[in-house]
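K.L.:
Chain by chain, the residues:
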Amino acid sequence: MANVELTNVRKVYGSSVEAVKGINIAIEDGALCVLVGPSGCGKSTLLRMIAGLESITDGTVKIDNKVVNELGPAERDIAMVFQNYALYPHMKVYDNMAYGLRNRGMPKDQIDKRVKDAAQILELTQLLERRPKELSGGQRQRVAMGRAIVRSPKVFLFDEPLSNLDAKLRGQMRVEIKNLQRQLGVTSVYVTHDQLEAMTLADILVVMNAGSVEQIGAPLDIYEKPASTFVASFIGAPPMNLVPVKADHSGLVLKDGTRIGAEGLSIPATGALIGFRPEDLEVSAGTDTHIGGLALDLKVLGVEPVGAESYVYGIIGGERVVVRVPGRSTSNTDDQLRVIIPKQKLHLFGADGKRI
Amino acid sequence: MASSTRVTFPNKFLPYLLLAPQLAITAIFFYWPASQAIYQSVLREDPFGLSTQFVGLDNFRRVLGDPNYLNSLQVTVIFSVATALIAMALALLLAVMADKVIRGKGIYRTLLIWPYAVAPAIAGMLWLFLFNPSMGTLAYLFRSTGYNWDPLLNGDQAMVLIVSAAAWKQISYNFLFFVAGLQSIPKSLIEAAAIDGAGETKRFWTIVFPLLAPTTFFLLVVNTVYAFFDTFGIIHAVTGGGPGKATETLVYKVYNDGFVNLILGDSAAQSVILMIIVIGLTAIQFRYVERKVHYG
Amino acid sequence: MIQNNPVGRLIAHVILIIGILIVAFPIYYTFVASTQTLQEILRPPLSLLPGGHFWENYSAALFGGVGRIGGVGVDRLLFNTLVMALGIAIGKICISILSAYAIVFFRFPGRMIFFWLIFITLMLPVEVRILPTYKIMVDLGLIDTYTGLILPLMASATATLLFRQFFMTIPGELVEAARVDGAGPWRFFKDILLPLSKTNIAALFVILFIYGWTQYLWPLLMTNRNDMSTIVIGLRKMISFADADTEWHLVMVTCILAILPPIVVVVLMQRWFVRGLVETEK
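Chains as they are written, first to last, in full-length UniProt numbering: chain A, 1 to 356; chain B, 1 to 296; chain C, 1 to 282.
Just to be clear, a hint being listed does not mean it is correct.
As the list claims (entries may be wrong) - Under the rule of at most 30 Å between Cα atoms (straight-line distance), these lysine-lysine pairs were calculated in the DSBU-like manner:
1. B:Lys105 <-> B:Lys12
2. A:Lys133 <-> C:Lys198
3. B:Lys12 <-> C:Lys190
4. A:Lys225 <-> A:Lys246
5. B:Lys245 <-> C:Lys198
6. B:Lys12 <-> A:Lys62
7. B:Lys100 <-> A:Lys21
8. A:Lys113 <-> A:Lys225
9. A:Lys66 <-> B:Lys12
10. C:Lys237 <-> A:Lys92
11. A:Lys133 <-> A:Lys255
12. C:Lys190 <-> A:Lys133
13. A:Lys108 <-> A:Lys154
14. A:Lys92 <-> C:Lys135
15. B:Lys245 <-> C:Lys135
16. C:Lys190 <-> A:Lys113
17. B:Lys12 <-> C:Lys198
18. A:Lys178 <-> A:Lys168
19. A:Lys116 <-> C:Lys135
20. A:Lys113 <-> A:Lys154
21. A:Lys108 <-> A:Lys92
22. C:Lys135 <-> C:Lys237
23. A:Lys108 <-> C:Lys190
24. C:Lys135 <-> A:Lys108
25. A:Lys225 <-> A:Lys178
26. A:Lys133 <-> A:Lys62
27. B:Lys12 <-> A:Lys133
28. C:Lys198 <-> B:Lys105
29. B:Lys12 <-> B:Lys100
30. A:Lys113 <-> A:Lys178
31. C:Lys190 <-> A:Lys154
32. A:Lys133 <-> B:Lys187
33. A:Lys168 <-> A:Lys116
34. A:Lys92 <-> A:Lys21
Stated by the list, open to error - What the simulated footprint calls covered on chain C by chain A, stretch by stretch (three residues with Cβ under 8 Å from a Cβ of chain A suffice, anywhere in the stretch; the number is not a length):
35. 50-57
36. 96-110
Quick caveat, the hints were computed from the structure, so don't treat them as lab data. The beta carbon of each residue, even a glycine, is placed where N, CA and C say it ideally should be.
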């Protein structure tokens, strides 16, 4: 077991394209760290630098307190699960799992024991003699996991391992990966662009954007206190509503000129964004103002009932917003609603997108 | 993964070692002789081989002004165009038919591909057995109808004979490509055309044939190159370039001038001209490959 | 299929059968001739059915003792041709797979230059540089040797390009997985690349074997001694329409023997060959 420490890690392609811009992350022994962000944010590059598949331009990568910058992937004692599984098509499941061990010169009986143990854990015992072609997507995924497990490495690296599965299977495998990682206690780094996967799997969540870290923390902390508008709109589905607001001499003005009560908010002169989660709005029956909350007028554009809840799409102060209402919504298109955001659920971001 | 981000092994020395055998063979047997050909094409050797002198583009000028050369250029063009057209038309017809039938596809294919394995020279001999005036059965049938068939004396008939043999051998190759091309046309397009009311013939000419264009074009280039070079054996075995110079193609003339008549400068100049022709054809082909990538 | 027109299909069958007859007839005719006596062959028209001299003619050609072409037996010619065809096929596959491996899976200075150096040879057949190449062979003392027959014909890029194209379809992840699994360049080549290339190798083998077997101009120039000649050249030397002594029935037998091996290879390995052919040239 081992910790992983990244210090000022940079990746520059060619002479000027900076894919990863000085990243610092410390992952404790046994923790599962998820790197999440939109495509092209540098998360995969970072993972591949930890794996030793990409060279490190600057900074250090430490595994188990040892700098591994100059080591090849096979010498870092890591195992990796790839997006497209990368199973060797001409080898049986057994050989796929055994290949890495054989290359390390492990005795045959030991290989056999490890492969069979891993197969047992992953319920692959019946499939050991098959070739990857003869397996379903979920089974291939398991084999890829198996290939990582048999090595009992210091670190597991996952590169969007579930992105090729259908939604149902993805949910199932997510739980399995989480349990397996807990059970084995191996430090893991997991890359995904799916915020739901990130939220549910992570011990530590790293939100990345354009080669930099936007925020690091426990998933729920990030959800509740996003450090920037980027994080606010990336984590959570539907994303947080963001309504621009300006302050003038007599109060607060929204984009379309609507004036609202200040409610003790201090808005910088350059303007700000008011943020609120779709589930944090209360729909008020009348026109009364709620004590300790921000009251806003919402014009309904449409309602989507999805069963357990309904999404009400509307406009506040010229900005589109979503409201999540439990059960069925009684609103109709073109209704005018008064909604109230409780003060403690209100997020405020400066013009630069940073949390105030 | 795009080729620019292709995953590779970090190794400085090994790739050169891996490339060495092919590079060595290419250098010794390709670049060295090719540069020799270019070098000799600007030299003139006296008849006794005692001295050589630099003559610039004289050899080219003489070759291109030589009626014999222009004749063989004409022969080559007629031969290549006729061979390519006949071989491709027959192959396309057979491929379209094979695409239509349900039973026996595999058997038809097996029975159609084997001429591919026959050496061009032998293909020529087979046709000569059939058509030579003294013992060929088909020649006998021709003559018994009163037709004066003698490809050994009549230049046009000699041309017909070698075109037949060359085209015959090439049918299998074209057939395989047309079959593959036809299979790659989405069935839904044909169905859409059928719903739009196009009959079978109309469907072929308005949908299938245009969509086959990449294959057709590719085969046109390949067949031309084949007719230029690979058919040397046919001509050498069947007509020897004759009667007269009626079937002397460019490649045959290079051989004849270089090895039989020993006019080295002219032969080298002809080699260089041939190289330029092939490079031109290759360039055309690559434009096509590029286009195909864009559409594909 | 849209049209389920039995008449159309019948016509298709008929046309295909005519096509097959055209394609097969010259070979069939030669086979028929190879089972006749010399006298029957010289007196056209020939019967359309095989004659009764199959064993007689074939054993005379194969084991006749007396070599028919300048004292060399057909067996020797077939052997020479086999060596040449195998040499070209195996040699070219070996050098090509290695160079394609270098070009696709490594990054090194000069990579693109080397690629183009090889690539340019793609469509310049030996015929266009025939005289200087011949001179080099004379200088190297390679006339009348197998090396001389084989090596120069290996200098072409087709196989390299096919392997390169195939290698480019191998996902980068597979390379990375192998690296994480501790496989270096050699292990990756041996354990992963080679097994995955099996069908390509088989297809190329067929194509190159036939290429080698059917060569004409090069062996014509490279061999002076009859015992180094190939079957195709030998056959050419046997034929003379002017010469009344030409033993046509044995020529026919030799002809069949010369075309049989490559036909067997093509038909038996049809599946790989067809795939390989269509893929190579794209």
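K.L.:
Confirm or reject each hint.
P.N.:
Hints versus structure:
| no. | hint | result |
| --- | --- | --- |
| 1 | B:Lys105 <-> B:Lys12 | violated (51 Å) |
| 2 | A:Lys133 <-> C:Lys198 | holds (17 Å) |
| 3 | B:Lys12 <-> C:Lys190 | holds (20 Å) |
| 4 | A:Lys225 <-> A:Lys246 | holds (22 Å) |
| 5 | B:Lys245 <-> C:Lys198 | violated (48 Å) |
| 6 | B:Lys12 <-> A:Lys62 | holds (26 Å) |
| 7 | B:Lys100 <-> A:Lys21 | violated (60 Å) |
| 8 | A:Lys113 <-> A:Lys225 | violated (47 Å) |
| 9 | A:Lys66 <-> B:Lys12 | holds (27 Å) |
| 10 | C:Lys237 <-> A:Lys92 | violated (55 Å) |
| 11 | A:Lys133 <-> A:Lys255 | violated (56 Å) |
| 12 | C:Lys190 <-> A:Lys133 | holds (21 Å) |
| 13 | A:Lys108 <-> A:Lys154 | holds (22 Å) |
| 14 | A:Lys92 <-> C:Lys135 | violated (53 Å) |
| 15 | B:Lys245 <-> C:Lys135 | holds (27 Å) |
| 16 | C:Lys190 <-> A:Lys113 | holds (26 Å) |
| 17 | B:Lys12 <-> C:Lys198 | holds (28 Å) |
| 18 | A:Lys178 <-> A:Lys168 | holds (16 Å) |
| 19 | A:Lys116 <-> C:Lys135 | violated (65 Å) |
| 20 | A:Lys113 <-> A:Lys154 | holds (19 Å) |
| 21 | A:Lys108 <-> A:Lys92 | holds (16 Å) |
| 22 | C:Lys135 <-> C:Lys237 | holds (24 Å) |
| 23 | A:Lys108 <-> C:Lys190 | holds (20 Å) |
| 24 | C:Lys135 <-> A:Lys108 | violated (58 Å) |
| 25 | A:Lys225 <-> A:Lys178 | holds (24 Å) |
| 26 | A:Lys133 <-> A:Lys62 | violated (37 Å) |
| 27 | B:Lys12 <-> A:Lys133 | violated (35 Å) |
| 28 | C:Lys198 <-> B:Lys105 | holds (26 Å) |
| 29 | B:Lys12 <-> B:Lys100 | violated (54 Å) |
| 30 | A:Lys113 <-> A:Lys178 | holds (24 Å) |
| 31 | C:Lys190 <-> A:Lys154 | holds (28 Å) |
| 32 | A:Lys133 <-> B:Lys187 | holds (27 Å) |
| 33 | A:Lys168 <-> A:Lys116 | holds (28 Å) |
| 34 | A:Lys92 <-> A:Lys21 | violated (41 Å) |
| 35 | 50-57 | violated (count 0) |
| 36 | 96-110 | violated (count 0) |
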